[in-house]
Amino acid sequence: MATGTESQPDSGGVRGRTRAAIAAPHLRTDRWWLAPAVTAAGLLAFVVYSTWRAFSNAHYYAAPYVSPFYSPCLAENCRTMRAGPNAEVFGSWWALSPAIIILIFPLGFRLTCYYYRKAYYRSFWASPPACAVAEPHRGYTGETRFPLILQNVHRYFFYAALLVAGVLTYDTVLAFRDPYYHWGHMGLGTLVFLANIVLIWAYTISCHSCRHIVGGKLRHFSRHPVRYRAWQFVGRLNAHHMLLAWASLVSVALADFYVYLVASGVFDDPRFF
Amino acid sequence: MSVVDRQEWDVVVVGAGGAGLRAAIEARERGARTAVICKSLFGKAHTVMAEGGIAAAMANANEHDSWQVHFRDTMRGGKFLNQWRMAELHAREAPDRVWELETWGALFDRTKDGRISQRNFGGHEYPRLAHVGDRTGLELIRTLQQKIVSLQQEDAERTGDHEARLKVFQECTVTRILKDTASEGGSAAGRVGGVFGYERETGRFFVLEAPAVVVATGGIGKSFKVTSNSWEYTGDGHALALLAGAPLLNMEFVQFHPTGMVWPPSVKGILVTESVRGDGGVLRNSENKRFMFDYVPDVFKEKYAESEEEADRWYDDPEHNRRPPELLPRDEVARAINAEVKEGRGSPHGGVFLDVSTRMPAEVVRRRLPSMYHQFKELADVDITAEAMEVGPTCHYVMGGIAVESDTAAARGVPGLFAAGEVAGGMHGSNRLGGNSLSDLLVFGRRAGWHAAQYARGLADRRPRVDDAQVNTASAEALRPFSARTEGEAGPPENPYTLHQELQQTMNDLVGIIRREGEMEQALHRLAELRVRARRAGVEGHRQFNPGWHLALDLRNMLLVSECVARAALERTESRGGHTREDHPAMDRGWRNVNLLCALADPGGTLAGTDPARGQIRLTRETTEPVRPDLLALFEKEELVKYLAEEELYE
Amino acid sequence: MSSYEARFQVWRGDASGGGLADFTVEVNDGEVVLDIVHRLQATQAPDLAVRWNCKAGKCGSCSAEINGRPRLMCMTRMSVFDRDETVSITPLRAFPVVRDLVTDVGYNYRKAREVPAFVPPAGLAPGEYRMSQEDVERSQEFRKCIECFLCQDVCHVVRDHEENKRAYAGPRFLMRIAELDMHPLDAAAEKGLDRGRAAQDEHGLGYCNITKCCTEVCPEGIRITDNALIPLKERAVDRKYDPLVWLGSRIRRRSS
Numbered sequence: 001m002a003t004g005t006e007s008q009p010d011s012g013g014v015r016g017r018t019r020a021a022i023a024a025p026h027l028r029t030d031r032w033w034l035a036p037a038v039t040a041a042g043l044l045a046f047v048v049y050s051t052w053r054a055f056s057n058a059h060y061y062a063a064p065y066v067s068p069f070y071s072p073c074l075a076e077n078c079r080t081m082r083a084g085p086n087a088e089v090f091g092s093w094w095a096l097s098p099a100i101i102i103l104i105f106p107l108g109f110r111l112t113c114y115y116y117r118k119a120y121y122r123s124f125w126a127s128p129p130a131c132a133v134a135e136p137h138r139g140y141t142g143e144t145r146f147p148l149i150l151q152n153v154h155r156y157f158f159y160a161a162l163l164v165a166g167v168l169t170y171d172t173v174l175a176f177r178d179p180y181y182h183w184g185h186m187g188l189g190t191l192v193f194l195a196n197i198v199l200i201w202a203y204t205i206s207c208h209s210c211r212h213i214v215g216g217k218l219r220h221f222s223r224h225p226v227r228y229r230a231w232q233f234v235g236r237l238n239a240h241h242m243l244l245a246w247a248s249l250v251s252v253a254l255a256d257f258y259v260y261l262v263a264s265g266v267f268d269d270p271r272f273f
Numbered sequence: 001m002s003v004v005d006r007q008e009w010d011v012v013v014v015g016a017g018g019a020g021l022r023a024a025i026e027a028r029e030r031g032a033r034t035a036v037i038c039k040s041l042f043g044k045a046h047t048v049m050a051e052g053g054i055a056a057a058m059a060n061a062n063e064h065d066s067w068q069v070h071f072r073d074t075m076r077g078g079k080f081l082n083q084w085r086m087a088e089l090h091a092r093e094a095p096d097r098v099w100e101l102e103t104w105g106a107l108f109d110r111t112k113d114g115r116i117s118q119r120n121f122g123g124h125e126y127p128r129l130a131h132v133g134d135r136t137g138l139e140l141i142r143t144l145q146q147k148i149v150s151l152q153q154e155d156a157e158r159t160g161d162h163e164a165r166l167k168v169f170q171e172c173t174v175t176r177i178l179k180d181t182a183s184e185g186g187s188a189a190g191r192v193g194g195v196f197g198y199e200r201e202t203g204r205f206f207v208l209e210a211p212a213v214v215v216a217t218g219g220i221g222k223s224f225k226v227t228s229n230s231w232e233y234t235g236d237g238h239a240l241a242l243l244a245g246a247p248l249l250n251m252e253f254v255q256f257h258p259t260g261m262v263w264p265p266s267v268k269g270i271l272v273t274e275s276v277r278g279d280g281g282v283l284r285n286s287e288n289k290r291f292m293f294d295y296v297p298d299v300f301k302e303k304y305a306e307s308e309e310e311a312d313r314w315y316d317d318p319e320h321n322r323r324p325p326e327l328l329p330r331d332e333v334a335r336a337i338n339a340e341v342k343e344g345r346g347s348p349h350g351g352v353f354l355d356v357s358t359r360m361p362a363e364v365v366r367r368r369l370p371s372m373y374h375q376f377k378e379l380a381d382v383d384i385t386a387e388a389m390e391v392g393p394t395c396h397y398v399m400g401g402i403a404v405e406s407d408t409a410a411a412r413g414v415p416g417l418f419a420a421g422e423v424a425g426g427m428h429g430s431n432r433l434g435g436n437s438l439s440d441l442l443v444f445g446r447r448a449g450w451h452a453a454q455y456a457r458g459l460a461d462r463r464p465r466v467d468d469a470q471v472n473t474a475s476a477e478a479l480r481p482f483s484a485r486t487e488g489e490a491g492p493p494e495n496p497y498t499l500h501q502e503l504q505q506t507m508n509d510l511v512g513i514i515r516r517e518g519e520m521e522q523a524l525h526r527l528a529e530l531r532v533r534a535r536r537a538g539v540e541g542h543r544q545f546n547p548g549w550h551l552a553l554d555l556r557n558m559l560l561v562s563e564c565v566a567r568a569a570l571e572r573t574e575s576r577g578g579h580t581r582e583d584h585p586a587m588d589r590g591w592r593n594v595n596l597l598c599a600l601a602d603p604g605g606t607l608a609g610t611d612p613a614r615g616q617i618r619l620t621r622e623t624t625e626p627v628r629p630d631l632l633a634l635f636e637k638e639e640l641v642k643y644l645a646e647e648e649l650y651e
Numbered sequence: 001m002s003s004y005e006a007r008f009q010v011w012r013g014d015a016s017g018g019g020l021a022d023f024t025v026e027v028n029d030g031e032v033v034l035d036i037v038h039r040l041q042a043t044q045a046p047d048l049a050v051r052w053n054c055k056a057g058k059c060g061s062c063s064a065e066i067n068g069r070p071r072l073m074c075m076t077r078m079s080v081f082d083r084d085e086t087v088s089i090t091p092l093r094a095f096p097v098v099r100d101l102v103t104d105v106g107y108n109y110r111k112a113r114e115v116p117a118f119v120p121p122a123g124l125a126p127g128e129y130r131m132s133q134e135d136v137e138r139s140q141e142f143r144k145c146i147e148c149f150l151c152q153d154v155c156h157v158v159r160d161h162e163e164n165k166r167a168y169a170g171p172r173f174l175m176r177i178a179e180l181d182m183h184p185l186d187a188a189a190e191k192g193l194d195r196g197r198a199a200q201d202e203h204g205l206g207y208c209n210i211t212k213c214c215t216e217v218c219p220e221g222i223r224i225t226d227n228a229l230i231p232l233k234e235r236a237v238d239r240k241y242d243p244l245v246w247l248g249s250r251i252r253r254r255s256s
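Heads up: the sequence lines are chains U, E and Z, in that order. If you count the first sequence from 1, position 262 lands on 262 in this note's numbering, and the numbers rise without skipping. If you count the second sequence from 1, position 185 lands on 185 in this note's numbering, and the numbers rise without skipping. If you count the third sequence from 1, position 85 lands on 85 in this note's numbering, and the numbers rise without skipping.
Bound-form chain U, shown alone:
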């Protein structure tokens, strides 16, 4: 009977002994490979770009703009930014690019993010490559053991990401100065920074961990009306977490690239007032 309570282990997956005898690993006829391919390309492009920029240790400051990759700048070898996010926490022994110190946090946040996990498990790990497409691995233990069990530290990174987003907000405020540090001015860069910080916050707030902390963990919404509303708000954002993840990834790279262009003298930041 189909209720049968015996189960025989068999590690053949869809081509296992007990399954319907079909040789093909999948019978999908649509372009299932497109999504993982595009994802992989997008992520790879970002990795290449950000690695170059993080290690270049140059062209990351063009007053009043500091590249989000280098903010806050925590080593002595940072360029001086007036009233900027400098703090020589690391002293003079740090010889590498100061970006490395701080990029760990947003990188960790994104690496352990529930959306990005889906994205790279599918596109890099092929686990699975697409729904109902057989994965190429013999064994699978998921996130049950080291190292992937560490994905559970997403919460830590979320807290850190809040701080980083705070600093980037500060940077955006600083962007309302002109290159001579007078307040009340705006340039094209200010707009780029504004767009970026809005997306960064939207991405950070829409995080599943955040949704859990603000209200998801509660049993009785009716007893916490404010947190219930907060949870609903985060939930609405959370529905677009994937979109926000990509949009903020692009915007942060663009903000950095903008600073690079201005700092390296490719063009001057067009000033509005």
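If a hint is listed, it holds; no wrong ones were tucked in.
Per the computed footprint, the stretches of chain Z lying under chain U, defined by three or more beta-carbons under 8 Å from a beta-carbon of chain U, are: (1) 15 to 28; (2) 63 to 72; (3) 88 to 96; (4) 207 to 218.
To be clear, the hints were calculated from the coordinates, so they are not data collected in a lab. Each residue gets a CB set at the ideal place from its N, CA and C atoms; glycine is no exception.
Let chain U serve as the given structure and place chains E and Z on it in line with the hints.
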């Protein structure tokens, strides 16, 4: 013949819908070792299709509601043919049955103060239906299913075996109820001894011996072409009871739900829940007229609005306005739609328009009727928030069924046989109100399980015995379709699918929503022919999960039940509830207290010898028990006059 | 109304073997894949084994894989395919095959038994339950589940790794745990049962790598991953990994 696997149980429940599962829970909780048999997988029963809600006078939405009002509505809906004691028990016990579900984990929609929310439905004076969006039946089944699992978990903790005291045999079909053969002719004569069935997956036969059998197999809709019922509804329980010697009651009353989908053809008949109307949907014809105002019958004149303005006010202020005529009992609405279509005022695909799109904002429609929105979007490519649905009557429910004792759910005439749910007759009289079926399942499911367990305990030291002869006969009957090709009866083997389609067409055309004497005689004639051909129904392949074979076996049941419906419908020369005669269009008070009972012409239960022309069913009339005076006193005299005969009134 | 002849490949066979059989069948306007299977039964293959019940997407019986994608046959309209396309229909490939399109879904019923049932709160009689709509809504979403087991079928954890079936309950039953853990009146904690922890320790929550195929195939549109699985993971984090929660509980323990 191979040895058939035999097991012993205390109570066997046939059917795992709402009534079957509720019966099983009760029997197990009262100490009986209980087996449940279902044709589908556990949790797929037709009950999941119920959308609207469970009617129970909890008075959460309107404090004036009470069991008496519910009883009154039920009797009115059934046109006073209801087995009144059942209607009383039902109205009294329904709230407890609903509340009990909450303690098993059910999550109904809530009122502002945290109680169970109740919605309006056709024929119910107050908002009374506990619901979960429009998937109440699913919630009911899942809750009962999970309660069964929790009982199994308890048993596993105690005995190490989940199935020690409660087991579900899924994907198994029962083909015969077996009788006790321990003491021929003695006190045990005619007693139930167990069931014979086959596993669909393997085709293997099995016998479950048990002193008590609860039949809870649901309805008969698959005998009709346009139906909201699933494939399981082949009238198995009705036929099993008949064959075991129990009579069926008032089989002429078949409810055609007024609103089934009419297009595309492949989904014709699928239900459009009544809550669409309860929540504000209105019926219009091709002239854009709300035609239901023209169809309020005299008995309901005082209760329903006369103008669109009044009807529309009712949704917000039911205290001071009368309800819209779209919410008349189902039989009235179905007939009205049928008449409109006939007069040429129907929609392009032969229905009428049911519109919510002009009545409420799209967002409200999506929230209140999510699965309807989904169903039309997916199946008909219609956006119900933007355009009207096309609907028409569809065979939905059979009010008739196994004649039972009201308090115990025991089938009349066969000790040890119990019936609950749609397969049992009497409760709903000539027409069932929406929402009353789910509460019926719970109230009488529980009662059937309770009394079956009690009855079984009484026989603990005199367990029935089932002899091999019965088992061999049942096996031979079940294997017959495989030898149809070799037996050499007149004519070639018949395709069971073709026979089924012809049966459905016959019932739909000739014993459908509007009935005429000549057509029903013709139907009986065709049924006789089909019966002969069905004996030659042949199948290909082997016994392992063979749908052709399964259908060939189900044909016997559908043919028996269809004959009951046709004969009873021919006999009752009046129109009442789910039985409408064009040649006798009025309700006749003389028929108010008459039950029609169907029994097998050949009480031996072997169908082979039955005369093909005269049929397999004999009808008898009986007079119903007078309604208890205190219950009758719940009605106004003026109302009773419309239903009851003079002599009944003054008794 | 227009009809045409369509080509199908339907898997036929049983546990001992089988393969895709070719059929050419008439298709009419508005039909779904299940209609085609029924036409096959009635005209060409009377013994073609298939499960189905309601044909309205409410019972979850007619699960199969159509062109390699797990779907309900009754909810897959023929109009989504090109007329000259050959449509393949196979049984669910994560479960042992029984015959033709029917598989042994016993795994799911075993897992259902392993999830401890709802624990009614002590001291509340039937009829005394009070719950707010906003408190029941999350669990209600999960209770929309029709148990078609498409999520269980598509989940690569067991689809591609039979050996994980022992340790892993699958999306449907992890969602069941989430449903109970979010139930406003469930009294499991009072009985010493920590559902969130059990999800991770006993039902294999960690195997889920949130690749969301369960959500993609769900015919009821339940957001299984976002609303059930990730919240469960977050609840496990609350108990085991959150630095602030850990610190908070240490401080509270010390001060008490």
